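Asker: Going line by line, the protein sequences match chains A and B.
For the first sequence, the working numbering begins at 1 and goes up steadily by one.
For the second sequence, the working numbering begins at 1 and goes up steadily by one.
Since the hints were made in silico from the structure, they are not lab data.
Keep in mind the model is a prediction, meaning the values are calculated, not measured.
Note that the Cβ used here is the ideal one computed from N, Cα and C, for glycine as well.
One thing to keep in mind: the hints can contain errors.
[What the hints assert, rightly or not] Quick look at which bits of chain B chain A covers, simulated, 3 or more residues with Cβ under 8 Å: (1) 2 to 12; (2) 17 to 29.
[As the list claims (entries may be wrong)] Derived DEER-like restraints, expressed as beta-carbon distance ranges: (3) A:Arg74 <-> B:Ile37: 50 to 56 Å; (4) B:Lys2 <-> A:Gln171: 18 to 24 Å; (5) B:Leu36 <-> A:Tyr225: 54 to 60 Å; (6) A:Leu73 <-> B:Leu8: 47 to 53 Å; (7) A:Asp231 <-> B:Met1: 36 to 42 Å.
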Amino acid sequence: MKKFFKAKNFPVMRRWSQIFSFFLIDGYWRVIKNPTFYQGPLKGITLPVMNCYSCPLSYTSCPIGLLQHFLELRLIPYYVLGVVSSIGAIFGRATCGWICPFGLLQDLAYKIPTRKFRIPHFLYYMKYVFLLITIILATWLVSPVFCKYFCPVGTFEAGIPQILWTPEYKQLLTWIFWTKLSVMFLFLGLFIFTKRPFCTTSCPMGAILGPFNKISLLQMNVNEYKCVECDLCRTVCPMDISIWKNPTDMDCIRCGKCVAACPTGAITMSFKNVKAENKVDTKPIFDGKI
Amino acid sequence: MKKRIIALILLVISVVILLIGAKYGQIAESANKGNLICLDCIGIA
Chain A
1 MKKFFKAKNF
11 PVMRRWSQIF
21 SFFLIDGYWR
31 VIKNPTFYQG
41 PLKGITLPVM
51 NCYSCPLSYT
61 SCPIGLLQHF
71 LELRLIPYYV
81 LGVVSSIGAI
91 FGRATCGWIC
101 PFGLLQDLAY
111 KIPTRKFRIP
121 HFLYYMKYVF
131 LLITIILATW
141 LVSPVFCKYF
151 CPVGTFEAGI
161 PQILWTPEYK
171 QLLTWIFWTK
181 LSVMFLFLGL
191 FIFTKRPFCT
201 TSCPMGAILG
211 PFNKISLLQM
221 NVNEYKCVEC
231 DLCRTVCPMD
241 ISIWKNPTDM
251 DCIRCGKCVA
261 ACPTGAITMS
271 FKNVKAENKV
281 DTKPIFDGKI
Chain B
1 MKKRIIALIL
11 LVISVVILLI
21 GAKYGQIAES
31 ANKGNLICLD
41 CIGIA
């Protein structure tokens, strides 16, 4: 058992964590017999992941939906901010990599063998614009624009199943639904060709959690004496970042793929402060083979 | 070390904020909101 919890097993552990979390967060499978959705006290729980609360399978509430709800009511969203920042202070953006169901979908879709391309890094800043304009400002001043006109998570997890199951909703469809559906299909297509396009460019949850990477207790560490700057960490990274350049990168989802892939063992992920160890002058042990 | 102290302080502040939210009934309000179908999310609002 102890051998299983080794750095090289992080990708396997993460995949199991994603699958387990999916069945825990979206575990209301009774809907298959009775087309409805879960209504109960567990909806009071929110986790820092993108998971629509109107998804028929969902047990928990969407933090972005709640954030908008409280802002619409002109209330400070203490509860949501408290949950998100306490988890962020401990794990940084690790929840994106280890438990987010929409992240799992993107990871699996990217496995479809086809030609892949990289998203330009300047587009990574778009999610902060989304957070500021469509969620905070628009909700405060007008209405929840993000959920209403854009969110592909809501369309995928809630819109499609609810409309298929409830005939009355079909009569209420307007251009808003078709716009959201187009956005969703655009992203579903992109999932196959690029690494986590929603997380990198549009996820408001990622935008909130990102800055916590700078100070969180769980940290990525790069031993500069061991690192040979081969950039293999970027090749395997689901967010397409070079962690050796910036271990506290706001886009790192702490998936541990780079830790397992690093040929010299220069990258580690831990709660320990390993800065002191990095100062030890250890010679690179890379033999040139990747 | 400095970062870890900041993270721990932030964690304590976050838990306090969370408890304030709970005291103001925001957990119950979250459950109420979650128990209603979100027409915005579906795209028919």
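Asker: Run every hint past the structure and note whether it holds.
Answerer: Hint by hint, here is what the structure shows:
Proximity of the stretch 2 to 12 of chain B to chain A, defined as three or more residues with a beta carbon under 8 Å from a beta carbon of that chain, is established by the 7 residues found. Only when three residues or more bring their CB closer than 8 Å to a CB of chain A does the claim for the stretch 17 to 29 of chain B stand; here the count is 11, and the claim holds. For the pair A:Arg74 and B:Ile37, the beta carbons lie near 23 Å from each other, so the given range of 50 to 56 Å is not met. Hint check: B:Lys2 to A:Gln171, Cβ distance near 60 Å, so the stated range 18 to 24 Å is violated.
Checked against the hint of 54 to 60 Å, the C-beta distance between B:Leu36 and A:Tyr225 comes to roughly 56 Å, which is consistent with it. Range check, A:Leu73 to B:Leu8: Cβ separation about 32 Å, and the 47 to 53 Å hint is violated. Look at A:Asp231 against B:Met1: about 30 Å separates their beta carbons, and that is not inside 36 to 42 Å.
Checked against the numbered hints given earlier, the structure breaks hints 3, 4, 6 and 7 and satisfies all the rest.
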